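Trainee: Each chain, written out:
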Amino acid sequence: MTDHEPDSNPQPETLFGVEEMELNFGPQHPATHGVLRLKLTIDGERINDCYPIIGYLHRGTEKLFELHPFFQNVPHTDRMDYVAAATNNLAYVGAVEKLLGMTVPPRARYIRTLLSELQRISSHLLWLATHAIDIGAMTPFFYTFREREQILDMFEEYCGARLTLNCMRPGGQPFDLPVGWVEKVGAFNEAFPEKVDEYEGLLTENRIWKKRTVGIGILPPEVALDYGVTGPMLRGSGIQWDIRKAMPYEAYDEVDFDVPVSYNCDTYDRYLVRMEEMRQSVRIIRQCLEKLPDGPIMAKRPRVLKGPKDSDVYHSVEGPKGEIGFYIVGDGTPNPYRCRVRPPSFYNIEVLPEMVRGGLIADLIAVIGTTDIVLGEVDR
Amino acid sequence: MSESENGKPDTGATPEAPKPGTEEVEPTSAEPASDSEEAKAAAAARAKAEAAAKRAAAEAAKPAWEKDPVTPEWQEADQDPLVQALRGTHAEALQSSRLFAGDLVVEVAREEIRNVCRTLKEAQGFTLLVDLLGAHFPEREEDPFEVVYILYSLDANRRVRLKVRTAEDVDVPSVTPVFAGANWPEREAYDMYGIRFEQHPDMTRILLWEGFNGYPLRKDFPVEGIDTGAAIYPEFYGETAGPVAGTGTGWRPPEPPADEESESASAETAGDEA
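Going down the list, the protein sequences come from chains A and B. For the first sequence, the numbering used here gives the first residue as 1, with consecutive numbering after it. For the second sequence, the numbering used here gives the first residue as 1, with consecutive numbering after it.
All clues given are correct.
Partial chain B-side listing against chain A, Cβ under 8 Å, derived:
id, residue
1, Pro69
2, Val130
3, Asp131
4, Phe179
5, Gly181
Keep in mind that the hints were calculated from the coordinates and are not lab data. Computed from a prediction, not measured in an experiment: that's the story for all the values here. All residues carry an ideal CB built from backbone N, CA and C; glycine is no exception.
Okay, chain B solo, but in the shape it has when bound (with noise of 0.2 Å):
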């Protein structure tokens, strides 16, 4: 097993495969004598144990990229020096800390992220927000969005996630007077998710256009699309024309109004398919 460890690191299961073959001959070269069926039995037992605690062992002394990936599980963080200081500073915002990973999470109250932010930036040094975004989960009951924000603190070299939920029709209040590059990702938060933010300067869209109906990250978006057309060229399209959902690109040309020529048309038609 060493050698063939020593010789090719990575064809694990190769080797294994006859050593019990091995194991077994063996006690029988070395004892000719005892020639019962009891003995042989035995001995091909304490050989295959011995193989399987050599298994056992070779198994656990592998290096971690042969065995399989131990996924990662969340635990409580209240012990922790900053969710301590933010306990002191903002007991009734914090809704829980844990840890996934090594990395920090906390839910904030919403109404509160604005003071955490500026306590954290102001008292713990986090001073860079690394990213904010928003998230979407239909099945929650209520506040089925989130939002995210992941503040680094550079002297202490340590990330911190913060989530805060929401609904559709609440606002966030805006940490853009804290950091002022949250302009932009609430933005698009607001963009994709169509999550408000109050005193927010530019509330506006800002990948897609304004008066894009729809917010395209919603898992309730259809994939294919929605009919935008008629939104954005309203002297060209009406509300039934233009592109529509499901028909990929097709796009349709709009059909001619029936109510009021509706002789004419229904007398061309008529014509046309005779």
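In isolation and in its complexed conformation, chain A is listed as follows (with noise of 0.2 Å):
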């Protein structure tokens, strides 16, 4: 962290001898990963604070959840996170099923920790080419997007599409598995760790990545805590938590993996984090494959979802990015009074101002990347 404060001075001591300037930063810029406003204060090159604006996404979304039944709003939640659509409808129709008291077959339940475990790959692919790029490593870019192709392949291969996914049903999955899928994941998953040994060949040692990363952009865990900081961005801080463990959903209580987590809080931790998290998702993809149940995909339930008077649940579920989590009203009609997302990119990059005061514009860049903010999903 910084011993700078800005606004205890009123004559700030300053870098060059110049005075402190307000630079606009976005959100037509390539480096924020979508639409994020930035309004610095800036003494030459340090930045003394940081004034995220954001809403230039804003769609409405809980506005047109209020619209339409509960199963018409699969596709909506898509549309928040577009890199990681699947964890996504696994909190949205999670948070259904709660409401509703369904239970999920157990082969349902195995595809959908499949679904979601190939998801977290995929955006910690995108995430590791936009903040290697961001930084200025352009070969990641393209050794991950080969891996990330066969994932969106194997989506298309399962439902269709291949980022807006909407794979799955308040109740269970839409679909079976197609035949050959299963052999066609194993291999690739077998084949990926690898890959990320590639990846870390690029990077892990490299004194370029170090010394972009190491040390910047310090998040301290009493920090992240304060600012309802969850994901890869809390583990890299040093905190312990995974609601895969916590408070397992789906299969994740019947397959073995670890949490990694890393105690320098900054940005190469955070790196570091995310790299043994998609190591540990193939552990998890692995046993799923092997475990995979028969039986019926879909439970029985009624052809209109109500959701029961004057109810509410929340439920959540572990994203690429950190707590995705529905918090649904229920009025006894077809379509949910109140839906309101806890997005997990919103919560991340609130800290933002935390961690890059006192640093480097050229830093910045490195913060945002690591945060992996997905505008769709600040904005809803």
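Each chain sits in its own coordinate frame; assemble them with the hints.
Mentor: Printed below as a string of structure tokens:
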């Protein structure tokens, strides 16, 4: 952290003997991963303050939820974190199932676990590619997109879509696995750890990469908790907390995996945590493929889902970016009365000023990359 | 029945249909001597009852996903240790405490919400503010708005929801002094519902722009949108100009001022029409 407090001193000590300057950063800036706008107060290259301005991608999704029946809301969830649609679907259908008391058949639970772990790998690959490009390493982009493309092809084979999957329904899964899919995922899964080695070979001990990430964007654990930061950001700050372990859902209590944690609280450690998470996802996928049970994929359910009168639930899952949760209020009609999304990126970007204050503008790029935000989810 | 279940567990209805028929046939073949109608009827009734009992047993033995969903119901949670601990320190602040689908939901008096949050954080270990959101219930006579706080304790691995009822013209104590992360979600609740928070460091809109006229997640806000152009560009659009509610995205050009140059305007329109 920094000891620099811009408001405490009316005449701040300036770096280059010039006055503080306000700089607009974004919203159309390639390093902001979308339409994030920052109002920076800078002194030369040093950032004295940072004020994020969001809302450029606001589409009123929460209002839309109230207008559609429970079934028809699943596609809306795809469009929030559009690089991790499966976990969004999972959080939403999990909340609806909790509201209506539905039990999901085991085969559907395993398929969901498979899909969300593939999605986690694909989201982390996209993060790694863009994060590395932001910092100046072009090569990892080509490597990671090679594997990401394979995952998207598997999604396409399963549900017909590559990004906006719409691949889950309240009560179970809409389709069974296509013929040959399990073998294909298994082959990819066995080959993937070597690919992670390749990425790590490009970056982990790369001197430039370490110069740009070690000690940059420090986020102490107490600050992270105070701001509601979750996911790899929290685990990179030394708090070993993962909803998959803490409150297991779907098939996560039947598979064996570790929750990686790192204690230096900087950008480099968050990078290490995410790389290790991809390896753990490989473990989970391998076990799911081995244990994949036969049987039905859809629970018995009423044709029209109606939320019980005067009821509300909150259900969340561990998305690639953190805790993604849905708070749904039922009022006896087929539509949710109120549906609130708990977006992980919203809270992860809220802490950005704490991480960049006192740093350099070049480091700001690295820190935005490490938060792994998707503005579709921040603005909803 | 058992064979068919081993074979295909997901076809629950089909093996039951031919069951009564086979049951009725069997007794007649077993007792060919008794051909009286009463005995036949009694045997058929017995067989039917047995079949029904078997069906009920099969229904009970079914896995949970083949049964109808069991809707969760509210339960009182006065005996919950957390509620009792809160009752010791904030007896008058707690209005109700219930469980729904395993989640503890506590209704808290509006004035006390910050103190309750502080107690939960400092004494009970609820260090993570998972989410904070607003809601609108216009059918409620007083206090139609609600603010929901979802807190999580890493030590106890437990979530608790706090609910506060409020109205348009009263402020809710902000919990930003307790949880720094409440800053943005409180701004969003203000942005979407017009719920104001007292002692909030930056009570401005967050997703919409300053000057937006209305609170879009309120139940009375029209889905098709409202006239926003006039408020954003007062120098271009007068009070009656700009995008109009109910016209989709259809922007209408401002009509020429009628009162000042009424004669020339009417002459022009007359000329156009002719």
